[in-house]
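Protein chains in written order, with our numbering: chain F, 1 to 739; chain X, 740 to 813.
Treat the hints as calculated values from the structure; they're not laboratory data.
These numbers were taken from a predicted model, which means no experiment stands behind them.
Don't take each hint at face value.
With a straight-line Cα cutoff of 20 Å, these simulated DMTMM-like cross-link-like pairs (lysine to aspartate or glutamate) come out [unchecked claim]: (1) F/Lys75 with X/Asp752; (2) F/Lys120 with X/Asp762; (3) F/Lys689 with F/Asp677.
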Amino acid sequence: MQKTLDSTGKQSNSNNVEQLIFRLLSKIASTYNLNEQVRYKFVKDQFTYVGKLLSYDAYSSSKDTLEIAARIKKKLVSQKKTDIALSFQELEAKFNKQKILKNHAALLEFFFAYYLEQNKYESTSNKNSLNFYSQPFEPPMVNDTVKNDVIEKYSSTEKIHNLFKNESNTDLLRNNQRLKPTFILNETYILRELIYAMQGVDGKLFQKDPKDMQSMVLKVDMERTVRMMVLRYLESGWFYTRLRRFLSTYNNNPSAGLVLQAFCAYISAELKEYHRLLAVLESQLGDKDEGTECSNITLRRLLVWLEQPLERLKFLNIICDAVRDKKGGILLSILFTYSKYGDPNKAALVKSGLAKCAIPIRDMIIEWICDGQIRDIHEEFFVGFNNSIPNERLWHDKYNLRKSQIPSFINEDQAKKILIIGKSINFLRVICNEHKQIRALATIPEIESMLDQKSDSQFQELIDNAYADTSSYLIEILLKKYKLLDHFNSLRRYILLGQGDFIRHLMDLMECELNKPAQDLMFPNLQRLLDKAITETNAQFEPSYIISRLDVRLLPPSPNDMGWDVFSLDYTMDGPLKTVLEVSWKNLSEKLDNSKDMDDVISANEQFLDTIISQLLLDENSKEIAKELRTIFDLIVKMSDLCEQFHKIALGESDARKQFKEKFTEDLDEDQKAAMDNAERKRYHGEVKPKIRNAKNQLSILKNSFSEMVKNLLEALKNHPNESLRFLSFRFNFNEYYY
Amino acid sequence: MSDNLSVTREAMDAMQIIEEIADLLQIGLDKETLSICVRLIENGVNPTPLAHSILNLKRECARLAASSAISASD
Chain F
1 MQKTLDSTGK QSNSNNVEQL IFRLLSKIAS TYNLNEQVRY KFVKDQFTYV
51 GKLLSYDAYS SSKDTLEIAA RIKKKLVSQK KTDIALSFQE LEAKFNKQKI
101 LKNHAALLEF FFAYYLEQNK YESTSNKNSL NFYSQPFEPP MVNDTVKNDV
151 IEKYSSTEKI HNLFKNESNT DLLRNNQRLK PTFILNETYI LRELIYAMQG
201 VDGKLFQKDP KDMQSMVLKV DMERTVRMMV LRYLESGWFY TRLRRFLSTY
251 NNNPSAGLVL QAFCAYISAE LKEYHRLLAV LESQLGDKDE GTECSNITLR
301 RLLVWLEQPL ERLKFLNIIC DAVRDKKGGI LLSILFTYSK YGDPNKAALV
351 KSGLAKCAIP IRDMIIEWIC DGQIRDIHEE FFVGFNNSIP NERLWHDKYN
401 LRKSQIPSFI NEDQAKKILI IGKSINFLRV ICNEHKQIRA LATIPEIESM
451 LDQKSDSQFQ ELIDNAYADT SSYLIEILLK KYKLLDHFNS LRRYILLGQG
501 DFIRHLMDLM ECELNKPAQD LMFPNLQRLL DKAITETNAQ FEPSYIISRL
551 DVRLLPPSPN DMGWDVFSLD YTMDGPLKTV LEVSWKNLSE KLDNSKDMDD
601 VISANEQFLD TIISQLLLDE NSKEIAKELR TIFDLIVKMS DLCEQFHKIA
651 LGESDARKQF KEKFTEDLDE DQKAAMDNAE RKRYHGEVKP KIRNAKNQLS
701 ILKNSFSEMV KNLLEALKNH PNESLRFLSF RFNFNEYYY
Chain X
740 MSDNLSVTRE AMDAMQIIEE IADLLQIGLD KETLSICVRL IENGVNPTPL
790 AHSILNLKRE CARLAASSAI SASD
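Start from the sequences, fold in the hints, and give me the full structure.
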């Protein structure tokens, strides 16, 4: 007795459970008079099972000593053993004072369980009237030698382990199968293991599936109901591992865009929340070493608690799959779609993520509309730019909208405005050399105002204000500093020949120069003539900044070109004016008053340009008409040639007659006179008259074809889509001369 | 040394009370088995399965003893 307690004191902290079990088995076996062989087999068989059963040692008593004691007393009273109950109460008080015992409640539980089981067993065995069960607890005489023998044989832990190893798998299996009905795993122990499994950590009961290293699988067989619940938990372990894998792929990955990285940060935050939850659970489960274990938490209860976190985890997985390899606006659009999810919890989950992921794009927008800067190495912003475009094409070509990258919560109109704002800033800065900060942002708009524009107009207002400020400033600069209107005006006058006297004078001056072959043209001469034309006409009253822009340009000549073919009058453009390049007048001046930004100016300009081109019969529709017109012009030219020829004939005839009159003087005799007269008549009828007849014929042909062509032209003009060209037909035929 | 002695005395007292309880409840376990059980429980073994398995073991032993006795008598 004393010896036993001594060893208890010494070894209480060491892990000698196995040894104790072995001793227990030997002791029990030795109390029955089994022969050595049977006893050996018994110990060997039972050791594995009992050892396994008791090695799941995560026991914690939820009940306190008083409660169990009360249950024992109640049981005794119910069995009408009141006197025993009273004695037990006395003993219980003493028992609780024993400080050397750590686990009073567990000991009482042991007694209670033993007592109940034994009573049940006795009652059944009594029914069966099996005589050797009737008093099974009266220990026979202990055979000391046998006992010592067994202990000596198997006492060392090492030997016990060998016993384990030597046990064949089939034996183990047989044991397990035979004993399964009573094989109950401690629930707290399962829970503790599950908390590991839910973080994708291998434990004793659950381990990663070696096939995909993602899902967790059971290593121990369990009851069906327990297994169903456990599988639910393990699913979350799989979700967790997948999210971790997603993070490890994209987090801090330089090729992933800023938005995707923001998304990763959001996922990590969610996982942190999940870790916190698990930590709380673990602390709730308590620590067996500190004796704070608590079995209040059951598998089923925890499953209810974890319902929502698991759903979140699952949904996050779905989203992660959706946004894999996406970036920028596309990713935001996908998240935005998910934020409309029917389940308000999930929608809120996505919304909070979207708010975090949209921050990089929001910052880009703000930087763009305030500074005109783009810092977007991953091409995530919906405004793209091309550095290879020269500054002259800055407005038209340098910046463009990436339609696919516009997040779906920003509509196209806003995106266009955003593009124009930044473009205007760059235009002012690069082309106009205006470095004034147009709009200093007082407050950065809330991210929610961008995502939920129906309920918050802050973002919309920001865009609108910035748009209005920037555009009006740009137009002001263009009109005041660069005198856009004046330039439009002068272009109309000089290029579109609006200023009649100047062009007339210039053409008169240059006529003989331009009639030369193109190779012989002298550029300085032409320039001199231009200057002369300017100084001699009303053009001299124009401001010098306009005059200085007028210039002569020669196209590269080809061999047979006349000067006319290569000459062109140029209105030199630089700076911002180059962007507003060709002019349309009538609509333009009206539209300019209404125009809000430079794109409006340009589109007004282009519209008028189209009109001019179509009215000049240069577009596709008018090709036929232009051809006919050209034929008519050819006819007119032929007509004028004919006139010239006829004129020559007439002049020749008149000269001939003059000569004839000079020779035909009075001092000639009659014969001579008659001869000359004859020769004259012969000349006239033989030479001149056929020429005149010929000319007459040609004239009539020309006349017929001309009127034919004109009629065709008028017909074609009548059916022309352009209204003003239809009017032209009436103007040609105002006196109904042609038909 | 006196510490050790006092610990031993305490342990003996505790064991004394445990034996009394066991007697009271007619738990048919001898001192040694009882002390092993106490140590097991103090080491954190779940008491209810322990109780059940001890009873099971006893039953199994009784069965084995009976069968060996029968075979011996044969």
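Against the structure, the hints:
| no. | hint | in the structure |
| --- | --- | --- |
| 1 | F/Lys75 with X/Asp752 | 27 Å, violated |
| 2 | F/Lys120 with X/Asp762 | 18 Å, holds |
| 3 | F/Lys689 with F/Asp677 | 16 Å, holds |
Hint 1 alone, counting from the list given before, is not met by this structure.
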